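Peer 1: From just these sequences and the hints, can you work out the full model?
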Amino acid sequence: MATTQPLECLIGGQYALDPARKLTHAGGGLPTCAAIDRRASAHAAGPALMAVQARLSLPPRARVITTLHGARIDGVLLPFAAGPGPERSDAPGALPGAVPSGAWVVCPAPPGPPLTLERPWTETELIDCVLRPIAAALDGLAERGVTHRAIRPNNVFRAGPGEPCVLGCAWASPPAALQPDAFEPPYIAACLPAGRGEGSIADDVFALGVLLIALASGALPGDGLDDAALLRRRLDQGSFAATAGRLVLPPLIADLARTMLAEDPEHRPSPALLLAPSMARTRRTIARDARRAQRPFEADGEAAGGDGSRGDGSRGDGSRGDGGRGDGVWGARALAHALGRDPARGAAALRQGSVDRWLRRSLGDPMLAVRLDELQRADPVVAHGGDEPPPGAAETDSLLVMRTCAAIDPLAPLWWHGMALWPDGLGPALAEASVLGAPGPLAAFERLVAVEAIVSWAHARGQRSDVIGLRIDARQHRAWLRGGRASSGRLGRLCVALNPLLPCLSPLVDHACVIRPAELLMALDAAAATPSRAASPIDAPVADFLSARSDERLDADLAACIDAAATPAQAALAQLRVLARVHARSQVEKLPGLAAWSGEAARAAIGLCVGRSRRRKVEAKLPAAIATGRLPAILALLDDPAAQEADAIGVRAAIQEVAAIDDEMAALADGAAARGAASRR
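Residue numbering for the sequence shown follows my numbering, starting at 612 and increasing by one per position.
Be aware that a few hints might be false.
Have a look at the derived ranges for each label pair, beta carbon to beta carbon [what the hints assert, rightly or not]:
#1 His636 <-> Arg972: 47 to 57 Å
#2 Ala1090 <-> Arg956: 27 to 37 Å
#3 Gln1267 <-> Thr1141: 49 to 59 Å
#4 Gln905 <-> Ala1054: 26 to 36 Å
Hints are computed from structural coordinates only; laboratory data are not their basis. Source: prediction; values computed, not measured. Even for Gly, the Cβ is constructed at its ideal location relative to N, Cα and C.
Peer 2: Pasting the structure below:
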């Protein structure tokens, strides 16, 4: 059966993949191959291009790609286009052996290999080749309200010794999703990789500072610690001390890195200031050192960290252990992190007064203790509708701990059911959980949206949140959630709506990367030729996809398509309405496979024709309508308003005629005795 798959798949209608030229180590950890601009002339060839393939669970940054389209910023590989690639690994333009996953992002190819840590870089190299060119690129991004969020050694490139560095592609995955924890501030490193959010340009300055330390020392920071141990050390000692405390750095680099790794993003220098390193070196923000408690926080009579350290930070053998400084909870920020990771135990410690006593007696911060007492006495800010169940015990604990963590550490992310994320990272976090099939996080995200917990978190952070903007977003998310269909899990439409470049997750089209409704039709048309195809071309993921991506008002018909209570005839007609309307708005001419697939189900809708003569006409014309490959033609045959009105008129006339016959027969039955008597006489 013929399909509508083009001979060459063009990304953005302009760029083709060149699978024979794979670019190793050019995508910062993502599959990459060369790309060709089909609109460029041979005499005016542009820069070398590459296409980076996103992971299905980590969709590209659609808003940033749109914002940077046509921009000119030196020192960064800007995106040119994004879209689906070839359907199958054997299709023209596909990477050999590739499994279709996420969308592709086209951008310039890097000028050379990524940075290596084989040797320590000199101070001059770091200033002239790394700091100044990257700061200029970040300044250009900041002017457009965009962050990079992918500054790490394997995603920074340069053509050769003495050449300026160039920032790699950061648009084919959610912001900071592929970043090592050491290159992100603690309040971001604690989050789910997909839920770290866009952040601010100050977070890029932080990553640039860590990159300078790594290049100057010739090794990745961390001192051999795992991510969890390094995060605890940074929360306790501060990011610069934990990252470069034992390293011997050039004086200028050490002074710059100390300001670039400031805990508060408002205290870090701007990219424009970093263009003059000597001035940035003299700009030091006076920040108070974090208050350190006299003894670690104890819950249930056991010191947090469980390393056997005493209240003075020393071990039983008289030596001062590093675990007492790095593993225990000695400060407010570490306390917020410990409470957020275990909300059940954290809520119990709050209600039992353990946190209050530690804040007053060990940390010496009674004002914070009073603030937490007010939060604990206040009822949780829960905005659930009449169809939403009230919060349970686990949810009440999460609400209490979430607001407590925000009050203790205003820099901390949103903690919910032991997971941390930023509000604008909800969409990618939903996509990752949906693709990986994680029911626990999906249920937690659903309740997060249903009770509008983001609004409560924003209020607890004081002046560090845009409460009005977050309230608008939270209500929009809840409206999308409530407008979903219970049979599809209610999160499907919200997930698709928050991730414009997330492909359709239906198994019906798992052979293709479907991002737009027209591509869905072509993928379903190709799937129609498979012998193991499903009975219906619309399942719950397809319904969620069309509900979020289609311009038509299709919710009622989409609900009927997957409603178990609908009759086969009603479901078939609703399915045909949806597909025909999408087909009419697309530029696809014919879909013979999908027309035959839908036509088989449409035969059940013939039963909705009450008139026998109309049923016979529809049955006779249906094969010809299916043969056209046009779904609107099939729908016009089955869903013809004029024919339905004529059918209704005929039904009413037949009912009246039957009623008249019934009346006449009743009259004859009533006069049977009189007529019989007359006949006997």
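Peer 1: Verify the CB-CB distance for Ala1090 and Arg956 against the hinted window 27 to 37 Å.
Peer 2: Given a distance of about 35 Å, which is inside 27 to 37 Å, the answer is holds.
Peer 1: Given a hinted range of 49 to 59 Å, is it respected by the beta-carbon distance of Gln1267 and Thr1141?
Peer 2: 51 Å, holds
Peer 1: Does 47 to 57 Å hold as the CB distance between His636 and Arg972, or does it fail?
Peer 2: Cβ of His636 to Cβ of Arg972: about 54 Å, so the range 47 to 57 Å holds.
Peer 1: With 26 to 36 Å as the target window, see if Gln905 and Ala1054 comply at their CB atoms.
Peer 2: For Ala1054 against Gln905, whose Cβ atoms are near 41 Å apart, the range 26 to 36 Å is violated.
Hint check: a violation occurs at hint 4 only; the rest are consistent with the structure.
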